[in-house]
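There are 2 protein chains.
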Amino acid sequence: MAQPRYLIVADGDFGPMTSKTANSVIRYLPDRTVGVLDRQQAGKTVDDVLGFGGAIPVVASMREGLALGPTAVLVGIAPQGGQLPAEWRVWLAEALDHGCDLWSGLHTFLGDDPLLAERARARGRRILDLRRPPTDLPIASGLAKTVEPLVVLTVGTDCNVGKMTAQLQLIRRLNQQGLRTRFVATGQTGIMIEGWGIAVDAVVADFIAGAAERLVLEGSEDADIVLVEGQGSINHPGYSAVTLGLLHGSCPDALILCHQSSRKYIGDYREAAWLRIPPLKEYIGLYETIGSAVHPTRVVGISLNTYDLSDAEARRECDRAERETGLPATDPVRFDPEPLVSAVADARTRYLETRSSSLESV
Amino acid sequence: MAQPRYLIVADGDFGPMTSKTANSVIRYLPDRTVGVLDRQQAGKTVDDVLGFGGAIPVVASMREGLALGPTAVLVGIAPQGGQLPAEWRVWLAEALDHGCDLWSGLHTFLGDDPLLAERARARGRRILDLRRPPTDLPIASGLAKTVEPLVVLTVGTDCNVGKMTAQLQLIRRLNQQGLRTRFVATGQTGIMIEGWGIAVDAVVADFIAGAAERLVLEGSEDADIVLVEGQGSINHPGYSAVTLGLLHGSCPDALILCHQSSRKYIGDYREAAWLRIPPLKEYIGLYETIGSAVHPTRVVGISLNTYDLSDAEARRECDRAERETGLPATDPVRFDPEPLVSAVADARTRYLETRSSSLESV
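So the sequence lines, in the order shown, correspond to chains A and B. All letters in the first sequence, in the order written, are residues 13 to 374 by the numbering used here. All letters in the second sequence, in the order written, are residues 13 to 374 by the numbering used here.
If you are wondering where the hints come from, they were derived from the structure by calculation, not from laboratory data. Here the structure is a predicted model, which means the values were calculated and not measured. Some hints here could point you the wrong way.
Put simply, identical chains are the same to the list, so a pair is met inside one copy or across any two.
What the hints assert, rightly or not - Under the rule of at most 20 Å between Cα atoms (straight-line distance), these lysine to any residue pairs were calculated in the SDA-like manner: (1) K157 <-> A79; (2) K157 <-> R288; (3) K293 <-> A134; (4) K157 <-> P290.
In isolation and in its complexed conformation, chain A is listed as follows:
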């Protein structure tokens, strides 16, 4: 199947800090994004709005968008209140009529909408609800520890600090070093970019680790390194369960700790500001201890998100993180990702040595 060319629906919410899914698809798949539908920003380019993404146009209607030649319409923001607005429904039906597939990461499944489901059937198009979990997931049994590649998981000090981005910034560079590297998506945005994966936050509780296990087994084929997209944070009052299920299900050999330098409180509760983000060293202890309870693992590098700092401040934060943790630290979007690339490559070298010596001792 040819790779889809996306028209992204981000109506009313397209912007650098709001449309996370849309923005990530544009950042990593600019050549496969034909346009963005947002009536508020219509007439601008994506670069005008985001500061990257080049001349991709923002349009005011589905008709204009479809004229740009997409093969799929991708829902790139969550509508207010979670329900599908009536006019989006009309647009999406129009897109199906025009011959497009639909891609959605919403909690509300488009495929369960009778109008859209019927229209897709009639037109022979597909509706991909990326958050709909597979129905045959296993209970994890630690199988992921047996795979051949080095497994690297990103872990965070909070949600939305750059766990997916950190890894996407490393893939090309690792591949250039001859290390066959695969990204394993565990959230809807990653799945849109990679074309496969499981949204682990949408599976039934008993199967979180099982979903991670299955993804690692699938991602390990013909790979030297598997980069597993992390979710949430081990001390997040709402989402820590997903974080730990991923950690124990994926059995990572190495971790990259991700942090947004300016953030002081666990994010969703910033208004109440009751849960302070502890020092990076405490997170390293927590993740290594609890992760190693199932499979030995260690943090090998720090990925900082410094989007709201000056270059000089960002550099200082990287230096400070290196001093505090004794580990390489960088912002892999703003600066050269090289310190993290080397950290992963070195972890792979140590991993191979350990494996061969443990094989010899058998």
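Go by the hints and put chain B onto chain A.
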């Protein structure tokens, strides 16, 4: 509504080590259990089969069972393969015709079966699928830390070591001391016994902690102590996510660590025997550290399950656990639960002192 009188279906699998749900209902609600349907053991009493439960009869057919006067039929074992056997379906329809409700903790929902759903509607009976999660759960936000009662969660070294039983053994004794104590059920067996609760292993991943939070808020009304039923284990490769979601969502002030003394490996993987159960002190460190990352908590006692040991061995295991941890330890089923009752009452006293001094300092 009058409390239901149960006929328990445990056909083909009724026994001391197999029918965990049936057995717990019989242990804690013997006066509300009129009979057990199991063709293999028919003719015996429940006491003949389990060693407790008295003269409750085991019968060979739904007709005989219904003659015992149940108001509800309770599915007390999981059928092989998870699917509802054809003859169970006939029995359950017969029970609805007879005027009984259905209670089920199966992953396959009885209410989704067209025959049973239609029959229940026609007869005005209810089908309670205890594993069906509420549709309006919140993302947890740490609200459970604000409740007035002392919150106590049981945590374990593995699944199926006695986390529910430990607490059920404490309730009456705590109530006798004038401490209004409520049990909060988080699994289908506990829900059958208590009549309310949420099976947290069946909710969507993002809402595990939210389910725990809601349960603690509801359970806190008019209570001095809330005992939250724990699930899984923090180092269980398959179920640790549920364990951590419960821990962070319920914000317990105190923990009781539960362990089966003779078990050496994490249970579901005993055949492969790859994940050794670490010392109790390591578990205490893990649970206290990771739990306190959201709300300060400590382990106040050890509950041992010694069902397969002699009295002398069991006593030695309790002494050994006390020496290793410096905490009170007992098997609250075999021996006097007093050490754990005192540990919880003492935790409540310390909790009130801390609360009043922190209120004074405001």
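Here's how the hints hold up against the structure:
For the identical chains of this complex, K157 and A79 are neighbours neither inside a copy (48 Å) nor across copies (54 Å), given an alpha-carbon limit of 20 Å. Within a single copy, K157 and R288 get their C-alpha atoms only as close as 33 Å, which misses the 20 Å cut-off; across copies the closest is 15 Å, which meets it. For the homomeric pair K293 and A134, neither the shortest alpha-carbon distance inside one copy (56 Å) nor that between copies (62 Å) is at most 20 Å. In the homo-oligomer, the alpha carbons of K157 and P290 lie at most 20 Å apart only across protomers (19 Å), although the nearest pairing inside one protomer, at 29 Å, exceeds that limit.
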